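*Asks:* One line per chain: the protein sequences are E and X, in this order.
In terms of this note's numbering, the first sequence has 284 at position 284, counting the first letter as 1, and numbering is strictly consecutive.
In terms of this note's numbering, the second sequence has 41 at position 41, counting the first letter as 1, and numbering is strictly consecutive.
Quick caveat, the hints were computed from the structure, so don't treat them as lab data.
Since we're looking at a predicted model, the values are computed, not measured.
All C-beta atoms in this analysis are idealised placements derived from N, C-alpha and C, irrespective of residue type, glycine included.
Where hints are given, some of them may not hold.
[Said to hold, decoys possible] Sample of chain X residues lacking proximity to chain E, with all beta carbon distances greater than 10 Å (derived): (1) Val20; (2) Asn31; (3) Lys38.
[As the list claims (entries may be wrong)] If we take Cβ atoms under 10 Å as the criterion, some of the chain X residues that face chain E in the derived model are: (4) Ile6; (5) Cys7; (6) Ile8; (7) Gly9; (8) Cys10; (9) Met12; (10) Gly13; (11) Ala46; (12) Arg49; (13) Thr53; (14) Met56; (15) Gly60; (16) Val65; (17) Lys84.
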Amino acid sequence: MAEHISLAVIGGGPAGMAAAIAAYDSGVTDVTVFERDDELGGILNQCIHNGFGLHSFKEELTGPEYAGRYAGQVKKRGIRCETGSMVLSVSPDKRITVVSKEKGLRVIETDAVILAMGCRERPRGALNIPGMRPQGIYTAGTAQKLVNCEGVLPGKEVVILGSGDIGLIMARRMTLEGAHVKLVAELMPYSGGLKRNIVQCLDDYGIPLKLSHTVVDIRGKRRLEGVVIAEVDGTGTPIPGTEEYYECDTLLLSCGLIPENELSISAGITINGATNGPAVDETLATSIPGIFACGNVLHVHDLVDFVSEEAGRAGRNAAKYIADKGARVNEPHIVKLIAGNGVRYTVPGMIDTANTGEDIHLRFRARNVYKGCTIKVSAGDNTIVSKKKRITVPSEMEDIILKPETLGGIDGDITVEIEEGSV
Amino acid sequence: MTRNMICIGCPMGCELTVEVENGRAVSVTGNTCGIGRKYAEAEVSAPTRMVTTTIMSDSGVPVPVKTRTAVPKEKIFDVVSAVKSSVIRLPARIGDTAVENAAGTGIDVIVTKDVG
Numbered sequence: 001m002a003e004h005i006s007l008a009v010i011g012g013g014p015a016g017m018a019a020a021i022a023a024y025d026s027g028v029t030d031v032t033v034f035e036r037d038d039e040l041g042g043i044l045n046q047c048i049h050n051g052f053g054l055h056s057f058k059e060e061l062t063g064p065e066y067a068g069r070y071a072g073q074v075k076k077r078g079i080r081c082e083t084g085s086m087v088l089s090v091s092p093d094k095r096i097t098v099v100s101k102e103k104g105l106r107v108i109e110t111d112a113v114i115l116a117m118g119c120r121e122r123p124r125g126a127l128n129i130p131g132m133r134p135q136g137i138y139t140a141g142t143a144q145k146l147v148n149c150e151g152v153l154p155g156k157e158v159v160i161l162g163s164g165d166i167g168l169i170m171a172r173r174m175t176l177e178g179a180h181v182k183l184v185a186e187l188m189p190y191s192g193g194l195k196r197n198i199v200q201c202l203d204d205y206g207i208p209l210k211l212s213h214t215v216v217d218i219r220g221k222r223r224l225e226g227v228v229i230a231e232v233d234g235t236g237t238p239i240p241g242t243e244e245y246y247e248c249d250t251l252l253l254s255c256g257l258i259p260e261n262e263l264s265i266s267a268g269i270t271i272n273g274a275t276n277g278p279a280v281d282e283t284l285a286t287s288i289p290g291i292f293a294c295g296n297v298l299h300v301h302d303l304v305d306f307v308s309e310e311a312g313r314a315g316r317n318a319a320k321y322i323a324d325k326g327a328r329v330n331e332p333h334i335v336k337l338i339a340g341n342g343v344r345y346t347v348p349g350m351i352d353t354a355n356t357g358e359d360i361h362l363r364f365r366a367r368n369v370y371k372g373c374t375i376k377v378s379a380g381d382n383t384i385v386s387k388k389k390r391i392t393v394p395s396e397m398e399d400i401i402l403k404p405e406t407l408g409g410i411d412g413d414i415t416v417e418i419e420e421g422s423v
Numbered sequence: 001m002t003r004n005m006i007c008i009g010c011p012m013g014c015e016l017t018v019e020v021e022n023g024r025a026v027s028v029t030g031n032t033c034g035i036g037r038k039y040a041e042a043e044v045s046a047p048t049r050m051v052t053t054t055i056m057s058d059s060g061v062p063v064p065v066k067t068r069t070a071v072p073k074e075k076i077f078d079v080v081s082a083v084k085s086s087v088i089r090l091p092a093r094i095g096d097t098a099v100e101n102a103a104g105t106g107i108d109v110i111v112t113k114d115v116g
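From just these sequences and the hints, can you work out the full model?
*Replies:* Shown next, in the form of structure tokens:
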């Protein structure tokens, strides 16, 4: 007879840990966290800088400290964790195939699954940068792991492409370790990272940030010798004559994160093209009943606090699914959420208005920088939420709370849009 | 003296112009709200930063550490050098002191991850 557990949580990072804790506290004690690394914590283990936990703990923790708090909670409850265990596949009937050194290959039947696999960095191959293929080119996260976990400095003269937060953090980190960071180049006319990281990781160390610039050539045969940077126009096309050569032995890429959904896709789960994560409803349920998703595998977050909060909801909803054996109290009434003007995507993408329980967190990203704007959530002529914002930026996720009672009589799609102000 | 800086209080990122006399802000312009003024005043009089880095352990595995509280900004590199010239014995536990009174700042550097 096949092994059976009630709930499998795939991934032991911040999302997986918070989901498992919440499910356990909601009565599902037969839960196992599967983590491919040999310890819990996920990417937080290499994020040794501070700034985590301002929302959840009202203090500034480092990544390992934040992970440690949750790992402590997991341990206190005696929640089973199989580290060094890789989930190879998830089937539509919620059977998972796991491989580990100790237990070999196993197929485990489950009542519910929570996907919490996180995300990956966009590699050079996905960026179409022309030029040679020498050594010395790393994603920012790989360099972070080398420096912080292995104690190895990948190079001395550094150029960073992309101003995502990991790139900014690594600009400071490499500087503190004795490297010289010559430049951060950003293709877009605005930074992809948080303002405080630009100030405290670049400005503090006099590292220039060139917006609307990109790498147009990589030189060096065995080892990287230098890169050519050029300005780009409004369409992202390099402007001839603006090329500048930067001698360097290291190029770090911080050009975006992609949710890691190979398992979701193999299970046949519907993927949202805008987030690259599973399409979910307000309970974070995917298109396959009993499979839930949370954290960066669902959509890329900028704050871990939001990951933990979201994962808690996935855990509670999975527990409810298991307790109710998948039944919904009322006949479902699904309304779609439409990303309207100025909104790139929304999570969730649909709401079952007949079965709402908790407050609904509506999360989305702005397409551009909008100052003095209004976020409007409406269904036809009915405005559900209207919220004035001093500014919205693509790098900071928005979180609007919808009260279940405001969704009562709604029929037809709900649109989320940003109305630009007169500023 | 005039100093330009970006407020980090919120995503607005107001570009502040600060008139400084004798190490104190006498006027702040460009801010949208009171947070900008406070930020500018602190930045020109006594800027401080948390420092996070790694300390090498006797087993060759780096251990992440941080200053217990923020240190004066100009001491960042001195604090890092003090950490880099030290070695910690494993096991290390969160909160353990890794370097006492780092670079004469009066502030200890402490361990941020259980290792070993």
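*Asks:* Could you run down the list of hints and mark each one as holding or not?
*Replies:* Taking the hints in turn, this is what the structure says about them:
| no. | hint | in the structure |
| --- | --- | --- |
| 1 | Val20 | holds (17 Å) |
| 2 | Asn31 | holds (12 Å) |
| 3 | Lys38 | holds (15 Å) |
| 4 | Ile6 | holds (5 Å) |
| 5 | Cys7 | holds (8 Å) |
| 6 | Ile8 | holds (4 Å) |
| 7 | Gly9 | holds (9 Å) |
| 8 | Cys10 | holds (7 Å) |
| 9 | Met12 | holds (5 Å) |
| 10 | Gly13 | holds (4 Å) |
| 11 | Ala46 | violated (15 Å) |
| 12 | Arg49 | holds (7 Å) |
| 13 | Thr53 | holds (6 Å) |
| 14 | Met56 | holds (6 Å) |
| 15 | Gly60 | holds (7 Å) |
| 16 | Val65 | holds (8 Å) |
| 17 | Lys84 | holds (9 Å) |
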